[in-house]
Amino acid sequence: MVALKIETIPQEDHQVKIEAEFEVELFDSFKRRAARKIANKAKIPGFRPGKAPYDVILRMFGEGAINEEAIELLIDEQYAKVLDETSVTPSGPGSLQEIISMDPPKLSFLVPLKPEVELGDYKSIELEYSPEPVMDEEINEFITRLQKNYATAEPAERPIEKGDVVYFKLTGFENEEAILEETPVQLVIGEDDKKDNWPYEGFSNELIGMNEGDSKDIEYSFTEDAEDERFKGKTVKFVTNIQSVKTLTLPELDDEFANSLGQFENFAELEQAVREQHEINKKQEYDDKYYSDLIEKYAEISTVKFPPFMVEEEIEHMLKSLERDLKQQNLDFDTYLKLLSTDKEKYIEENVRPAAINRVKSTLIIEKVAQEEKVEVAKEDIDEIINDTVQMLQNIPDQKGKKAKLNDEMVNNVAYNAISRLYNQRTLERMKALASGETEIEATDEAVEESSDDATETVVEQEIEVESNKNEVQAESEGDGTPKE
Numbered sequence: 096m097v098a099l100k101i102e103t104i105p106q107e108d109h110q111v112k113i114e115a116e117f118e119v120e121l122f123d124s125f126k127r128r129a130a131r132k133i134a135n136k137a138k139i140p141g142f143r144p145g146k147a148p149y150d151v152i153l154r155m156f157g158e159g160a161i162n163e164e165a166i167e168l169l170i171d172e173q174y175a176k177v178l179d180e181t182s183v184t185p186s187g188p189g190s191l192q193e194i195i196s197m198d199p200p201k202l203s204f205l206v207p208l209k210p211e212v213e214l215g216d217y218k219s220i221e222l223e224y225s226p227e228p229v230m231d232e233e234i235n236e237f238i239t240r241l242q243k244n245y246a247t248a249e250p251a252e253r254p255i256e257k258g259d260v261v262y263f264k265l266t267g268f269e270n271e272e273a274i275l276e277e278t279p280v281q282l283v284i285g286e287d288d289k290k291d292n293w294p295y296e297g298f299s300n301e302l303i304g305m306n307e308g309d310s311k312d313i314e315y316s317f318t319e320d321a322e323d324e325r326f327k328g329k330t331v332k333f334v335t336n337i338q339s340v341k342t343l344t345l346p347e348l349d350d351e352f353a354n355s356l357g358q359f360e361n362f363a364e365l366e367q368a369v370r371e372q373h374e375i376n377k378k379q380e381y382d383d384k385y386y387s388d389l390i391e392k393y394a395e396i397s398t399v400k401f402p403p404f405m406v407e408e409e410i411e412h413m414l415k416s417l418e419r420d421l422k423q424q425n426l427d428f429d430t431y432l433k434l435l436s437t438d439k440e441k442y443i444e445e446n447v448r449p450a451a452i453n454r455v456k457s458t459l460i461i462e463k464v465a466q467e468e469k470v471e472v473a474k475e476d477i478d479e480i481i482n483d484t485v486q487m488l489q490n491i492p493d494q495k496g497k498k499a500k501l502n503d504e505m506v507n508n509v510a511y512n513a514i515s516r517l518y519n520q521r522t523l524e525r526m527k528a529l530a531s532g533e534t535e536i537e538a539t540d541e542a543v544e545e546s547s548d549d550a551t552e553t554v555v556e557q558e559i560e561v562e563s564n565k566n567e568v569q570a571e572s573e574g575d576g577t578p579k580e
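Following our numbering, the numbering of the sequence shown begins with 96 at its first residue and continues without gaps.
None of these hints come from the bench; they were simulated from the model. Possibly wrong hints are sitting among the right ones.
Computed list of lysine to any residue pairs in SDA-like fashion (alpha-carbon distance at most 20 angstroms, straight line) [unchecked claim]:
| id | residue 1 | residue 2 |
| --- | --- | --- |
| 1 | K329 | N270 |
| 2 | K392 | Y217 |
| 3 | K469 | K377 |
| 4 | K377 | I234 |
| 5 | K332 | E322 |
| 6 | K400 | K384 |
| 7 | K146 | D123 |
| 8 | K138 | D123 |
| 9 | K439 | E324 |
| 10 | K264 | I274 |
| 11 | K384 | R454 |
| 12 | K201 | I101 |
| 13 | K463 | K264 |
| 14 | K132 | E172 |
| 15 | K264 | F333 |
| 16 | K201 | R127 |
| 17 | K392 | T458 |
| 18 | K384 | S225 |
| 19 | K332 | D320 |
| 20 | K201 | I234 |
| 21 | K209 | L191 |
| 22 | K176 | I101 |
| 23 | K433 | E276 |
| 24 | K100 | R128 |
| 25 | K392 | T278 |
| 26 | K136 | E164 |
| 27 | K474 | Y511 |
| 28 | K112 | K400 |
| 29 | K441 | T458 |
| 30 | K176 | I274 |
| 31 | K264 | K209 |
| 32 | K332 | Q281 |
| 33 | K433 | E213 |
| 34 | K422 | K392 |
Beta-carbon label-pair distances, calculated as ranges [as the list claims (entries may be wrong)]:
| id | residue 1 | residue 2 | range |
| --- | --- | --- | --- |
| 35 | P226 | E319 | 10 to 20 angstroms |
| 36 | L222 | M197 | 55 to 65 angstroms |
| 37 | K332 | S203 | 51 to 61 angstroms |
| 38 | E479 | K264 | 46 to 56 angstroms |
| 39 | E232 | E314 | 28 to 38 angstroms |
| 40 | K264 | T330 | 14 to 24 angstroms |
Positions of the beta carbon are idealized from the N, C-alpha and C atoms, including for glycine.
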């Protein structure tokens with residue numbers, strides 16, 4: 096027996112408090128070991144390292160220092176044994192919460208419990224799966240945007256008209272206080288006026304009739320649900336200073352234009368490639384929404400319990416991911432917070448924590464469904480992922496431009512993440528099959544096909560990614576550079 100008395104006290108946050116009282120004689124032995132450890136580190140006059148008697152060490156360093164070291168040694172050796180004598184199944188390392196007393200030695204530990212998920216009657220969930228087809232209008236709209244990206248721009252030397260590219264500087268004030276510092280903006284007049292455009296829908300039409308060098312004040316009252324945090328519920332006076340006005344000359348949409356992209360023999364090939372990529376993208380968008388709604392339905396009938404540290408770990412992961420994204424836009428986290436007129440603590444509590452809780456809950460539900468439905472990933476798929484991972488990593492150059500040297504940890508981490516994604520995808524497909532009435536064979540075949548699609552980036556997908564960077568004829572910034580969540 097490692098302790099005279101052990102008491103477990105369940106906590107509301109899916110943790111358990113363990114109060115363990117130890118024998119005085121046992122703790123005395125740890126105090127003497129602690130004294131020797133202190134003596135080995137310290138220089139004590141008249142004694143070789145580690146040879147000073149206990150009483151001398153006690154006088155020199157005090158009982159508090161010895162007790163502190165003794166408790167660390169006690170926890171290192173006895174904590175696991177205390178857990179063994181309880182029915183507690185921890186999901187992570189516990190922590191010393193309190194030293195209740197020293198005589199007798201009594202400690203309180205806080206231990207996170209293993210997550211628990213009760214799915215409820217999930218097989219009764221129904222959710223139709225019916226992605227919409229890609230319409231000709233969507234293809235034409237994309238090709239038109241692509242055409243504008245390859246347009247030539249020349250000075251207009253006249254007042255602004257619809258279709259012009261206008262470069263201007265924008266400043267925003269509320270009651271004479273600047274809430275938007277001077278920001279360079281580029282817009283295509285009349286064609287950037289969508290609901291989600293910055294700073295508000297229809298703004299570009301306010302510039303019609305102005306000339307290069309003109310300045311104009313524009314006042315607008317925002318609702319509480321405005322996209323930009325700085326403008327929510329405010330009446331803002333925007334000061335615009337026109338820098339330049341340019342007119343666009345569009346290339347003809349023909350075989351020559353398609354061939355100029357360097358990837359298509361004729362215009363028909365371009366149209367087909369655009370359609371295929373839009374079908375992939377539209378289905379992905381539909382799937383994202385469908386699975387989000389489906390998991391929400393599971394959550395409504397499920398009981399999911401998990402300890403706080405899982406949320407904290409997810410918050411840390413999300414913040415690191417956000418910082419990487421910001422870095423790609425030449426922003427740091429502090430600047431991002433300033434743009435949102437908030438601080439780190441408020442941002443985490445209002446934006447990150449709710450999303451982290453939802454992610455943890457969703458992950459646990461998916462894992463539980465996988466267990467219940469016995470979802471598996473075939474050995475052949477795992478072998479293929481590992482081989483693909485090795486080949487991919489071998490082709491990534493190091494800082495000197497040479498092939499990177501691989502190690503087992505690097506390969507294992509990347510492969511594990513890829514296998515986890517496939518495993519989750521198979522589980523989601525199974526959930527979809529149950530909710531939509533698909534046969535399991537249809538769902539599995541589709542999952543394999545999608546997994547293959549994910550590994551291949553098409554030519555048009557690359558074009559879509561660089562579209563907004565070609566010739567910069569559309570807005571360099573529909574907003575102020577602030578990334579969307």
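Cross-check of the supplied hints:
no., hint, result
1, K329 - N270, "10 angstroms, holds"
2, K392 - Y217, "9 angstroms, holds"
3, K469 - K377, "30 angstroms, violated"
4, K377 - I234, "12 angstroms, holds"
5, K332 - E322, "17 angstroms, holds"
6, K400 - K384, "25 angstroms, violated"
7, K146 - D123, "18 angstroms, holds"
8, K138 - D123, "23 angstroms, violated"
9, K439 - E324, "15 angstroms, holds"
10, K264 - I274, "14 angstroms, holds"
11, K384 - R454, "15 angstroms, holds"
12, K201 - I101, "10 angstroms, holds"
13, K463 - K264, "53 angstroms, violated"
14, K132 - E172, "15 angstroms, holds"
15, K264 - F333, "10 angstroms, holds"
16, K201 - R127, "18 angstroms, holds"
17, K392 - T458, "14 angstroms, holds"
18, K384 - S225, "12 angstroms, holds"
19, K332 - D320, "18 angstroms, holds"
20, K201 - I234, "72 angstroms, violated"
21, K209 - L191, "18 angstroms, holds"
22, K176 - I101, "11 angstroms, holds"
23, K433 - E276, "11 angstroms, holds"
24, K100 - R128, "23 angstroms, violated"
25, K392 - T278, "43 angstroms, violated"
26, K136 - E164, "12 angstroms, holds"
27, K474 - Y511, "13 angstroms, holds"
28, K112 - K400, "16 angstroms, holds"
29, K441 - T458, "25 angstroms, violated"
30, K176 - I274, "59 angstroms, violated"
31, K264 - K209, "55 angstroms, violated"
32, K332 - Q281, "19 angstroms, holds"
33, K433 - E213, "42 angstroms, violated"
34, K422 - K392, "36 angstroms, violated"
35, P226 - E319: 10 to 20 angstroms, "33 angstroms, violated"
36, L222 - M197: 55 to 65 angstroms, "59 angstroms, holds"
37, K332 - S203: 51 to 61 angstroms, "59 angstroms, holds"
38, E479 - K264: 46 to 56 angstroms, "53 angstroms, holds"
39, E232 - E314: 28 to 38 angstroms, "35 angstroms, holds"
40, K264 - T330: 14 to 24 angstroms, "21 angstroms, holds"
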